[in-house]
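Chemist: Assemble chain B onto chain A, guided by the hints.
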Amino acid sequence: MNRQRSATRSNESRPWTQRRVVATGLGAVSCLGLNLDEHWRRLVAGESGASRLAGALAAVLPVKLQAPVVGLRVEDRIRNRMLRKLLLPSATFAVVAAGEALADAELAGDDARLEACGLYFGSVGYEVQGRTFEPALRSSFGAADAFSFARFAQVGMQQVDPLLIVKGLPNAAPCAVAIEHRIQGANASFAHGATAGLQAALAAFVSIRHGIIDLALVGGSDSLLLAEHFVAHHVAGRLLAGDEPPWLGARPFDARRCGYVLGEGAAACVLEAEDHARARGARIYAEILGAGETYASPLTDSDGRALEAAARAAMLPALSDRDSGADLVFATGLGTIDDDLREAHGYRRLFPPSTSVQVTAATGALGATGAASGAYALVHAVRSMVSGRIPPTTGYEQADPRCVLPVVERSEHRAISRALVWASDGARNVALLLGAAP
Amino acid sequence: MTTPSSDGPADGAPVVRGRRVAVVGLGVATALGFEVDDVWRAVLDGQSGVGRIRQFPSDAFPVNIGSEVDLDALYARLDEPPMPVGNRTLTFARWAADRAWDAAGLTEARVDSPRAGVCVGAGLFPAMESRLDGLTPAILDDPQALVVRNLERIRRPELSTPQDLGSVSTMLSSRFGLGGPSVTVHSACASATQAIGEAYQMIRTDRADVVLTGGADSMMSMFCVAGFTLLGALSRHPDPRRASRPFDLARDGFVLGEGAGIVVLEELEHARRRGAPILAETIGYGSSMDAYRFTDVHPDGHGAASCMRRALSDAGIRPDEVGYVNAHGTSTYQNDRVETRAFKEIFGDHARCLSISSTKSQLGHLLCAAGGVEFIFTVLALRDQVLPPTINLEHPDPECDLDYVPNHSRKADVGVAISNSFGFGGQNGTLVVRRWDAAPT
Chain A
1 MNRQRSATRS
11 NESRPWTQRR
21 VVATGLGAVS
31 CLGLNLDEHW
41 RRLVAGESGA
51 SRLAGALAAV
61 LPVKLQAPVV
71 GLRVEDRIRN
81 RMLRKLLLPS
91 ATFAVVAAGE
101 ALADAELAGD
111 DARLEACGLY
121 FGSVGYEVQG
131 RTFEPALRSS
141 FGAADAFSFA
151 RFAQVGMQQV
161 DPLLIVKGLP
171 NAAPCAVAIE
181 HRIQGANASF
191 AHGATAGLQA
201 ALAAFVSIRH
211 GIIDLALVGG
221 SDSLLLAEHF
231 VAHHVAGRLL
241 AGDEPPWLGA
251 RPFDARRCGY
261 VLGEGAAACV
271 LEAEDHARAR
281 GARIYAEILG
291 AGETYASPLT
301 DSDGRALEAA
311 ARAAMLPALS
321 DRDSGADLVF
331 ATGLGTIDDD
341 LREAHGYRRL
351 FPPSTSVQVT
361 AATGALGATG
371 AASGAYALVH
381 AVRSMVSGRI
391 PPTTGYEQAD
401 PRCVLPVVER
411 SEHRAISRAL
421 VWASDGARNV
431 ALLLGAAP
Chain B
1 MTTPSSDGPA
11 DGAPVVRGRR
21 VAVVGLGVAT
31 ALGFEVDDVW
41 RAVLDGQSGV
51 GRIRQFPSDA
61 FPVNIGSEVD
71 LDALYARLDE
81 PPMPVGNRTL
91 TFARWAADRA
101 WDAAGLTEAR
111 VDSPRAGVCV
121 GAGLFPAMES
131 RLDGLTPAIL
141 DDPQALVVRN
151 LERIRRPELS
161 TPQDLGSVST
171 MLSSRFGLGG
181 PSVTVHSACA
191 SATQAIGEAY
201 QMIRTDRADV
211 VLTGGADSMM
221 SMFCVAGFTL
231 LGALSRHPDP
241 RRASRPFDLA
251 RDGFVLGEGA
261 GIVVLEELEH
271 ARRRGAPILA
281 ETIGYGSSMD
291 AYRFTDVHPD
301 GHGAASCMRR
311 ALSDAGIRPD
321 EVGYVNAHGT
331 STYQNDRVET
341 RAFKEIFGDH
351 ARCLSISSTK
361 SQLGHLLCAA
371 GGVEFIFTVL
381 ALRDQVLPPT
391 INLEHPDPEC
401 DLDYVPNHSR
411 KADVGVAISN
421 SFGFGGQNGT
431 LVVRRWDAAP
441 T
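These protein sequence lines are chains A and B, in that order.
If you're matching positions, the first sequence starts at 1 in the numbering used here and goes up one per residue.
If you're matching positions, the second sequence starts at 1 in the numbering used here and goes up one per residue.
Bound conformation, chain A alone (with noise of 0.2 Å):
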């Protein structure tokens, strides 16, 4: 039915019919914890993950922190043998949540539904540690101890894992999701770090408000622990530096901040057109309302302007009959000088100095999670409307004159009806208005 009405379709441009997008399900892995509400609770009780990071990388450099998702049973949370053994952590992660938010949704085992759900990941770059070459490499020396092509070729080759390239590709967590949790609908796999994850939502949720697909999973996942990225965030001086107590993710906005720690996990979310939703019963938590997206060279933007069309995007069908737009902001807070400066420029743009509206950002909790930051975001923006309870920066205590922003210090309760949700890297700039459940 659906295929003879299609067919009959004229292709001559004509406005489309907005449906309503909802969150019905939500996931997480991380740090704080190995499932959502594990990680909310210690997230809103202001704790952070960041533990001591041992071995050669902290002998060598003055990084002395991670955070890591500790204490992960495969075996209790994929059911699918194959993916046990074949998955690095990212996708593991990826998988983990995924499988949270599609129970909370009560869509688990729902196959009918899982063979037309979305499927719409920002994920990591190539996972694929330096230490996975070296027996390769090591059996490939010639004489004087110089690498030789042809002895690569007719013996260290033999060490190289067939699956290296497979299990190591940036859309390794999408499709492990997919073949544990039977998805086969319309699906993207982004893969342009920070704001991927948040990235997958916007395109989930344009494409659900235009009548493309019912039905989505979204989310994020990451894991930044490779010797790859301790060396190049610390070259890029953007690491947090030494182990002095308390541990921290980061410092966001805080006059004394000075890097994050790196680190790793998964959040997911299950969006959905309203009347699909509710014609299957299911429990809404929150509506999208809006999305931006812009880009902007980090050498010309560091005053937040493209951050803030991004933001004033999302918040355009807000605005219409509310001055704020907003009530509070889900950030980023990376918790490095310039970052947080430009997310405080974008912010004083948007809202005027005698707002009331807030800004949280869990960085310092989570420490820096690549594509997952933004589904996090996500994650606890929607959390926060239905519980009513408000996260704590974790790791802000003084405020910086020139960053000076409404931080919420400690975890509060109060009604939201309205969040921003933005991720922001520097360059891209990606945004989500979220309202109450219609």
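These are computed hints drawn from the structure, not numbers from a lab.
Computed from a predicted structure; not experimentally measured.
Just so you know, not all the hints are guaranteed correct.
Facing chain A, according to a computed beta carbon distance under 8 Å, are these residues of chain B, among others [what the hints assert, rightly or not]: (1) Phe56; (2) Ala60; (3) Met128; (4) Leu132; (5) Ile154; (6) Gly166; (7) Leu178; (8) Gly180; (9) Ala188; (10) Leu231.
Even for Gly, the Cβ is constructed at its ideal location relative to N, Cα and C.
Modeler: Below, chain B without anything else, positioned relative to chain A:
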């Protein structure tokens, strides 16, 4: 109660086309050349771009053939110095994007920056060759020495190779001053097709007016060749030019390729207003997931069939309106049989009337770039009304018994064509394109 559907929104949902999307600019970097018309002519002539791999000393490797871009020749054409990091993917993307942007007439045009974006499929697998100088067993045995070596490499731009896939879309957004979406898609071998599909959605849903899209990739490195060889995925045919033989009974794997295929998509009225050279219209896109295994397509072809079905439904056309298919056609035993099975499922009796070809027979498998180059060939087939051949199709596989345009290009009268890509891990994409002079005004 809403009934779930695998083909799109449930009944009762709004089904509206949205804005129309034109194809207005093309650019390539391939083993067969760097100008679209030159490469197209070579593909139609049945030339092969496959030869011995020169990127690293490959003589002793069990598989040492590939469809390799002549980087020196490309650098000779660039009016800028080589990128200090020497990254092949970025170089290919930059060249092809410049050509596409220029061909679209956008170099001199004023583009509203916030309404223009990038959505590109890309791969940047770490190439170890650049890290071997001075490496010794003693360094490998000393974890701290490895960290120090890593530090030194990253501090020297000439040795540092970016692995951040975002660098591809960042480079393109910054290069052309585009302030709209800036996205890197990675869905393995479906990356470029899915990127073009997402770019199409960006324009049709009014997120952008102009999007630079397509794909770029290079995995022409020793670890990638080793990994694909150990997976049993690569052809071991002794004659490089005859190695990629989609749908042939003697096919034994794909040939590794590299390059870029970048296109400019533009909202139709926007393109008309500025007098852009409209080459074709993108009218549909479908994607699916096999949800089966990481390295194998589902043997019943349901993932391949689903994305084609969704794309045709999205385009609002009947299967018998499609005249040409640029197949995924990898030249692997499994893909070509499964794809053929999916054609029969989707097109029914019309499958026998379809002209299908795999231009991987000429260029090998360009991985994340494959869908970009193949979308370009699909557009050119519609523009010129000539179908590229599947070369090396000498002994048809009885299980692959459709018309694959064997060995010689062919004149045709085709109004609508589709291009397929199926990725490792099970992500699939199909794009539907309509001949521009047959499109409704």
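Chemist: Where does the structure disagree with the numbered hints, that is, which hint numbers, in rising order?
Modeler: none
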